[in-house]
Amino acid sequence: MSLLSASGIDYSIERIPILEAIDFQIEPGELVGLIGPNGAGKSSLLRLLTGIEAPDHGNIQLNGQPLADISPQQRARILGYLVQGAQAYWPFNVEKVVGLGRIPYQKWWRQSSVEDQLKIEQAMQVTETLAYRNRIVTTLSGGEQTLVMLARIFATENQLILADEPVAALDPYHQLHVMEILRQHASGRRAAVVVLHDLSLAARFCDRLYLLSHGKLDCYGAVTEVLTGENIARVYGVDSQIECNEKGVSVTPLKRISEHHP
Amino acid sequence: MNLKAVDARLLNAVLLIALLLVLALVVNVGAVDIDLGKALDDAWHHRTSIESLIFFDIRLPRALLAALVGATLGLAGAALQGLLRNPLAEPGIIGVSNGAALGAVIVFYYGLAGFAWFVLPLAGLLGALLAVLFIFLLVGQSRSIITLILAGVAINAIGGALIALALNFAASPYAMQEILFWLLGSVANRSFREVQIALPFMLLGWGMMLYCGRFLNALTLGEDTAKSLGFDVVRLRLVLILGVAASVGAAVSVTGNIGFIGLVVPHLVRPFVAYEPRRLLFASALVGAILLLLADVAVQSLSATTEMKLGVITSLVGAPFFLLLILKSRSTLQ
Chain Z
0 MSLLSASGID
10 YSIERIPILE
20 AIDFQIEPGE
30 LVGLIGPNGA
40 GKSSLLRLLT
50 GIEAPDHGNI
60 QLNGQPLADI
70 SPQQRARILG
80 YLVQGAQAYW
90 PFNVEKVVGL
100 GRIPYQKWWR
110 QSSVEDQLKI
120 EQAMQVTETL
130 AYRNRIVTTL
140 SGGEQTLVML
150 ARIFATENQL
160 ILADEPVAAL
170 DPYHQLHVME
180 ILRQHASGRR
190 AAVVVLHDLS
200 LAARFCDRLY
210 LLSHGKLDCY
220 GAVTEVLTGE
230 NIARVYGVDS
240 QIECNEKGVS
250 VTPLKRISEH
260 HP
Chain F
0 MNLKAVDARL
10 LNAVLLIALL
20 LVLALVVNVG
30 AVDIDLGKAL
40 DDAWHHRTSI
50 ESLIFFDIRL
60 PRALLAALVG
70 ATLGLAGAAL
80 QGLLRNPLAE
90 PGIIGVSNGA
100 ALGAVIVFYY
110 GLAGFAWFVL
120 PLAGLLGALL
130 AVLFIFLLVG
140 QSRSIITLIL
150 AGVAINAIGG
160 ALIALALNFA
170 ASPYAMQEIL
180 FWLLGSVANR
190 SFREVQIALP
200 FMLLGWGMML
210 YCGRFLNALT
220 LGEDTAKSLG
230 FDVVRLRLVL
240 ILGVAASVGA
250 AVSVTGNIGF
260 IGLVVPHLVR
270 PFVAYEPRRL
280 LFASALVGAI
290 LLLLADVAVQ
300 SLSATTEMKL
310 GVITSLVGAP
320 FFLLLILKSR
330 STLQ
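Just so you know, the protein sequences line up as chains Z and F, in that order. As numbered in numbering that gives the first Met the number 0, residues 0 to 261 make up the first sequence, in order. As numbered in numbering that gives the first Met the number 0, residues 0 to 333 make up the second sequence, in order.
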């Protein structure tokens, strides 16, 4: 049984179609990449899969149950959503931000428990954020902030993490760090979906890729099936050099094919 | 500001004790000196005396009302600032204060206040609820917080315009003065009946706002993250705003507009609760109560012939103080 599956998804915002006839599924242990040009609908699809937005048509199932039938609290325990460029509005310290990940387990009148504290410690350990636990999150660098936001998700112990461009605007060290953490998470009964623009990173870390174009699924499958020169030229409108060797696949965009974004 | 956050229970305990001390101080202050012991003793033995009358009919309701209204304004300010994630938010921003004030002004204008003691507070509450109703009609299905703020500003302006209209066409200078004085905000000359009519709505509103505490914490990471953490953002926003409307509407309808408490108090308290919106709620209620009680003491001790209105002193002190706070905290608030 798939961990999360979607079929025939249509979605529009104020009558403008955003996604059409999307099928998607992810199995336990997988790290799946969502790729595609800007405006292809990657973020929208991720929001639908997270359950914070509902599709116009089609159905989404989580562990064999319709996503819409699962209570928000139960859903929040299973699915963790990392928004693009996640930020804290108030100057919280790191530990407090990570602690927000325990909300799905807490009643509104309760203070946090010993178990909560334990999970917070573990989450900071996994993401290597213990060193700045008392720092104010808004004063951290972009890379450090992303790790803290990931720690918040790890504190919830989600089965499935859905991350929207977690490595955008990060330096190579932090890009690799975030991807390694997600890769590590996606094992056993756990999995992760990640929206990426860096095709080489996608090739390197993901088990399978879904390539979106203009709100439609262009193709999906194993990395080498999706990341072909032909596919990239058609969807992204660029010529690229694709190298496969023992260190993995790397994609280097070379030049635009036409004056217009496809 | 670089203040150390204080343990939650300790902070609340200290504030609660401070509130009780201030309450005890406040009932000792008044136009005449009375023997409180005698007042309590007379009341206990069901004897009517000047002392017991002054204590139970004048000072106690006045102090209680100041505390309740202060708590309401502090709590509502903290709740709205958390919801809108905007440190400039206050109960007035969603139009509730002016809605309630307009309801009361209409009563004054048509001279309806004399019919029954509850006409005035009831009209205020009705005005507050109407304001909120209009806001939700304006906002409709829109999810944006900006639409909400703009709708609030519009409702506020309409309320203000209608109040100005009433003042313009007031039947007599006396009626005009009555409206103006009421608008300035005061807890003087109130009785237990005002406490009675306001209290249920305040308690209801407090409960609704406190219920949203954890949601406000989650909102620190934005609405989408709050949704993904299992919160029904649209429903909880409604709960919170109705809570503000019920409690602030009740407060304004018995005391008039008292400014700056709702705006300033959360700023004062925030560093002590590590900027956590949930903890800010209860602490702001206590500090709001304390500050308004102290302001009312100041009003009573400063006054010579004409008593200064409570709303005047809170604005006089609150506005410059707020400016100072902004200058001091602009680095932490970006």
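Keep in mind the hints are simulated off the structure, nothing from the lab. Be careful, since some hints might not be right.
Distance windows between CB atoms, simulated [claimed, not checked]:
1. Z:V113 - F:V238: 28 to 34 Å
2. Z:Q116 - F:Q195: 55 to 61 Å
3. F:L137 - Z:N133: 39 to 45 Å
4. Z:S257 - F:K327: 54 to 60 Å
5. F:D231 - Z:C218: 33 to 39 Å
6. F:L137 - Z:T251: 51 to 57 Å
7. Z:Q121 - F:L39: 54 to 60 Å
Backbone N, C-alpha and C define an ideal beta-carbon position, used for all residues, glycine too.
A quick look at each hint next to the structure:
no. : hint                        : result
1   : Z:V113 - F:V238: 28 to 34 Å : holds (30 Å)
2   : Z:Q116 - F:Q195: 55 to 61 Å : violated (45 Å)
3   : F:L137 - Z:N133: 39 to 45 Å : holds (44 Å)
4   : Z:S257 - F:K327: 54 to 60 Å : holds (56 Å)
5   : F:D231 - Z:C218: 33 to 39 Å : holds (37 Å)
6   : F:L137 - Z:T251: 51 to 57 Å : holds (52 Å)
7   : Z:Q121 - F:L39: 54 to 60 Å  : holds (57 Å)
Violation of the numbered hints given earlier is confined to hint 2; every other hint is satisfied by the structure.
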